[in-house]
Amino acid sequence: MLVRAAFALLALLASTSIARAQSGEITVMAYAGIFQDKYTEAVIKPFMAKFPAVKVNYFSSGNSAQMLGTLRTQRSSPQVDVAILDVSVSNVGNKEGIFAKLDPAKVPSLKELHPMAIVPDGFGPAVTFDHWVLVYDTEKVKPAPTGLADLWDPRLKGQIGLSAMPNIQGIAATVLASKLAGEDFKTSIDGAIKRLKDLGPSVQTFDPQPDGYTLILGNTLTVASGWNARAQLYHDDSKGRLGVVFPKEGSVFQINTINHVAGSKNAEAATAFIEYALGREAQKRFTETMFYAPTNAKAEISPAAINRTAASAENMAKMIPLDWDWVTTIRDSWNNRWRREVIAGR
Amino acid sequence: MADDRPSQPGLAATLSLPAIAAVSLGFLLPVLWLARMSVNPTEPGGVLREGWTANQYVELFTDSFYAELTLASLQMSATATLCALLVGYPIALFLYRLESRWKTLLVLLAICPLLVSGVVRAYGWIVILGDAGWINSMLRGAGLIDRPIRLVNNHIGVTIGLTESLLPYMTLSLLAGLGRLDRGLEEAARTLGASPLRTFLRITLPLSLPAVVLGSTICFMLAVSAFVTPRLLGGGRVLLLATEIYEQALVTLNWPLAAAIAMALLALFSVVLVASGRLQRRVAE
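Going down the list, the sequences are from chains A and B.
By the numbering used here, the letter at position 299 of the first sequence is numbered 299, and the numbering carries on one by one without gaps.
By the numbering used here, the letter at position 147 of the second sequence is numbered 147, and the numbering carries on one by one without gaps.
Just so you know, these hints were derived from the structure itself, not from any lab.
Among the clues, some could well be false.
[Stated by the list, open to error] With the C-beta cut set under 10 Å, the calculated list includes, among others, these residues of chain B facing chain A:
{"no.": "1", "residue": "GLU43"}
{"no.": "2", "residue": "GLY45"}
{"no.": "3", "residue": "VAL47"}
{"no.": "4", "residue": "ARG49"}
{"no.": "5", "residue": "THR62"}
{"no.": "6", "residue": "PHE65"}
{"no.": "7", "residue": "LEU98"}
{"no.": "8", "residue": "GLU99"}
{"no.": "9", "residue": "ILE135"}
{"no.": "10", "residue": "GLY143"}
{"no.": "11", "residue": "ASP146"}
{"no.": "12", "residue": "ARG147"}
{"no.": "13", "residue": "LEU233"}
{"no.": "14", "residue": "GLY234"}
{"no.": "15", "residue": "GLY236"}
[Unchecked claim] Label-pair ranges, simulated between beta-carbon atoms:
{"no.": "16", "chain 1": "A", "residue 1": "THR146", "chain 2": "B", "residue 2": "THR79", "range": "40 to 48 Å"}
{"no.": "17", "chain 1": "B", "residue 1": "LEU29", "chain 2": "A", "residue 2": "ASN336", "range": "47 to 55 Å"}
{"no.": "18", "chain 1": "A", "residue 1": "THR73", "chain 2": "B", "residue 2": "VAL58", "range": "26 to 34 Å"}
{"no.": "19", "chain 1": "B", "residue 1": "GLY10", "chain 2": "A", "residue 2": "ASN336", "range": "36 to 44 Å"}
{"no.": "20", "chain 1": "B", "residue 1": "ALA21", "chain 2": "A", "residue 2": "PRO210", "range": "53 to 61 Å"}
{"no.": "21", "chain 1": "A", "residue 1": "THR329", "chain 2": "B", "residue 2": "LEU268", "range": "50 to 58 Å"}
Note that the structure is a prediction, hence the values are computed from the model and not measured.
No residue lacks a Cβ here, since even glycine has one placed at the ideal position from N, Cα and C.
Modelling step: build the complete structure from the supplied sequences, incorporating the hints.
Structure representation (C-alpha cells):
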C-alpha cells in the first residue's frame with residue numbers, strides 16, 4: 001500500500017515536472033472560421049488541460065500565403081511560435097529560413113507518421129490530409145454525380161462552381177482531368193486543358209465566393225469543387241442536403257504542415273505543442289471532429305469517421321500522388337493555360 | 001498687415017510639416033518599399049531572396065499577357081466611368097437645380113452607398129443579378145426569356161458593380177463643379193429664345209465640362225485600382241491589373257512581381273493625372 005502510494009506520488013511529481021518545463025505562452029497561427037473553432041476544441045483545449053502552465057493563443061490571418069506574408073514581416077521578431085499552413089507555402093517558408101527544423105528526439109511522434117506526411121530535411125511534417133471532392137445539391141442533382149466526368153452533363157450547364165488555378169483546387173482539377181483524358185500530367189496536360197476548355201461555358205464561376213458549399217446551399221450553384229473536411233461539416237450542418245463525392249477518377253491530397261517558426265520565443269512549449277498535435281490522441285480527436293485524414297498512422301480513428309476521409313483503405317488506393325514541391329515548378333505554365341484556354345476560351 | 005500673406009515665410013513651411021510627415025510615412029515610404037521589393041529575385045514557388053534583378057520588369061514588358069491585362073483594365077475602367085457619368089450627370093443636375101427642403105436629404109441619399117462596405121454591396125449585386133436573382137426571375141416571369149441571362153460572374157456583372165460603386169463619387173464631383181455654374185446664363189439663353197435642349201448643349205454642358213473631367217479622373221483612378229468588385233462579381237473570368245496584383249501577392253506568393261505590377265500601375269496613374277490636368281486646363285479656357 002505504502003509502496004503504491006509512493007509510486008503514485010513519484011508519478012505525480014514526474015508528470016508535474018514535465019508539465020512545469022513547458023510554461024508560458026505560445027501563439028499558434030492557422031486558418032480562421034470553422035477550422036479555428038474545431039481545432040481549438042479538438043487540439044488546443046486538451047493541450048492546455050494537459051499542460052496547464054502553457055497558454056495557447058490562436059491567431060488567424062487569411063489563407064496560407066497571407067500567413068507566410070505575416071511571418072515574413074515578423075522575421076526580426078517573430079510573434080508566432082507554431083504555424084499550420086499548406087505544404088506548397090510552407091515549402092517556401094522552409095527555403096526562406098522562416099521555419100526551423102524539428103528535433104526528432106523531442107518530437108517522437110514523427111516516427112509514427114504516414115510516409116507521405118514526412119517533409120524532407122527535418123522540417124515541419126504534415127498534420128492534416130484533406131482531399132479534392134465534388135459537392136452537390138442532393139435535392140436538385142439526381143442521380144448523384146460520381147466523378148469529374150459527370151460535370152460535362154448538359155443538365156448541369158451554368159450551375160457549376162469550379163475553383164480555377166492559381167487556387168490549388170485548380171491544380172487538383174487539372175490532375176484529375178488528365179487522368180480522365182488518359183494522359184500523364186507530368187508530361188502533358190493537353191488532353192486535360194482541352195476537356196476543361198469544353199467545360200468552360202458551363203461553369204457559372206471559376207472563383208466561387210465565399211465558397212462552393214455556401215453557394216450551393218444558397219441556390220446559386222448545384223455542383224462545385226471543394227475540400228473534403230469542410231464539405232463533410234457542411235453536409236452535417238445542412239442535414240445531408242450538401243452531398244460529398246469522392247470522385248471515381250481518384251483525388252489529390254491537400255496537405256497542411258505544422259511548423260516551428262525560427263526564432264520563436266518559447267521553443268520548448270512550441271515543440272511540445274507540435275508533438276501533441278502529431279500524437280495519436282490529438283490526431284484521433286481532430287479527425288473525428290472535422291474529418292481531415294490523420295497523418296499519424298498509429299492513430300485509432302472510429303470507423304464512422306475514417307470512412308468519411310481519404311484514409312479508408314478503399315479511398316487511399318485511389319489517391320493520385322502529387323509532389324507539391326514539383327508543382328511549384330510547373331504552376332505558372334499551367335496557370336497560363338487555364339487563363340488563356342480554359343477561362344478565356346481561346 | 002497690408003496683405004494676407006504670412007509675415008514669416010518659414011511659418012507656411014512649418015505649418016505644413018505634419019502634412020509632409022503624414023504623406024512621407026503613409027505614402028512615400030510604402031512606395032519606396034514597393035519599388036525595392038519589385039527588384040528582388042524570386043525562385044519557383046515564390047521563394048523570396050534579397051538582391052537585385054530586373055526580371056520582373058522584363059516579364060512585365062515582354063509577356064503579352066500583361067499588355068492584355070493593362071488593356072482590359074483600361075477598357076473596364078473607361079466603360080464604368082462612362083456609365084457612371086451617364087447616370088450621375090442627370091442626378092447631379094437634378095440635385096443642383098432642386099429648390100426644396102428635401103435637397104440635403106436627397107444629396108445624402110445619393111452618396112449613402114458609401115456608408116455600406118463594398119463587399120456587402122457586391123454580394124447585394126450577386127443576389128440581384130444572379131441566375132435565380134430578381135432580374136432574371138422578373139424576365140422569366142414576364143415570359144421574355146426561358147433561360148437565365150448571365151449577368152454576373154462575367155464582365156457585365158463587374159461593369160454594373162463598378163458603375164454603382166463609382167456613382168457617389170461622380171455625383172459629388174459633378175455637384176461641386178456645377179456649383180460654379182451661373183444660373184443667370186441659362187435663364188438668359190432661355191429668354192433669348194433658345195430651346196431647353198439648345199440651352200443644355202450650348203450653355204450648361206460646356207460650363208460643366210471641368211467638373212466632368214474632374215469626376216471622370218477620380219472615378220477612372222478608383223476603377224483601375226478597384227479589386228473587391230471585380231473579384232466578387234467577375235467569377236474568375238475578369239482578369240485585371242488589380243486582381244493580378246492580389247493573386248501574385250496573396251495566392252502565388254510572388255511579391256516582387258506583384259510589386260512590379262503595382263509600380264507599373266502607379267506609372268499609369270501618373271500618365272492619366274497629367275493627361276487629365278491638361279484636359280482640365282483646356283476645357284476651362
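Hints, one by one, checked against the model:
1. About 7 Å separates the beta-carbon of GLU43(B) from the nearest beta-carbon of chain A, less than 10 Å, and the hint is met.
2. The interface hint given for GLY45(B) is met, as the beta carbon of that residue sits about 3 Å from the closest beta carbon of chain A, less than 10 Å.
3. Annotation: interface hint on VAL47(B) holds; nearest CB of chain A at approximately 5 Å, less than 10 Å.
4. For the restraint placing ARG49(B) at the interface with chain A, the shortest Cβ-Cβ distance is roughly 8 Å, inside the 10 Å limit, so the hint holds.
5. Interface restraint check: THR62(B) against chain A, minimum CB-CB distance 14 Å, threshold 10 Å, status violated.
6. A hinted interface residue such as PHE65(B) counts as satisfied when its beta carbon comes closer than 10 Å to some beta carbon of chain A; here the least separation is about 7 Å, so the hint holds.
7. Annotation: interface hint on LEU98(B) violated; nearest CB of chain A at approximately 39 Å, more than 10 Å.
8. For the restraint placing GLU99(B) at the interface with chain A, the shortest Cβ-Cβ distance is roughly 45 Å, beyond the 10 Å limit, so the hint is violated.
9. Look at ILE135(B): its Cβ only gets to about 14 Å from chain A, farther than 10 Å, so that hint breaks.
10. Among the interface hints, the one on GLY143(B) is violated; its C-beta lies about 20 Å from the nearest C-beta in chain A, farther than the 10 Å criterion.
11. Using the Cβ-Cβ criterion of 10 Å, the hint placing ASP146(B) at the interface with chain A is not satisfied: the shortest such distance is roughly 13 Å.
12. The interface hint given for ARG147(B) holds, since its Cβ lies 8 Å from the closest Cβ of chain A, which is under the 10 Å cut-off.
13. Here the hint on LEU233(B) is kept, as its CB sits about 9 Å from the closest CB of chain A, short of 10 Å.
14. Residue-level restraint check for GLY234(B) holds (minimum Cβ-Cβ distance to chain A is 7 Å; threshold 10 Å).
15. Contact between GLY236(B) and chain A, as hinted, is supported at the beta carbon level, the nearest pair being about 3 Å apart and thus within 10 Å.
16. Evaluation of the 40 to 48 Å hint for THR146(A) and THR79(B) yields a pass: the beta carbon distance comes to about 43 Å.
17. Evaluation of the 47 to 55 Å hint for LEU29(B) and ASN336(A) yields a failure: the beta carbon distance comes to about 34 Å.
18. For THR73(A) paired with VAL58(B), a C-beta distance near 27 Å keeps the hint of 26 to 34 Å intact.
19. Between GLY10(B) and ASN336(A) the CB atoms are about 57 Å apart, so this pair departs from the stated range of 36 to 44 Å.
20. A hinted range of 53 to 61 Å for the beta carbons of ALA21(B) and PRO210(A) is inconsistent with their spacing of about 39 Å.
21. Taken as a hint, the range 50 to 58 Å is violated for the pair THR329(A) and LEU268(B), whose Cβ atoms sit roughly 32 Å apart.
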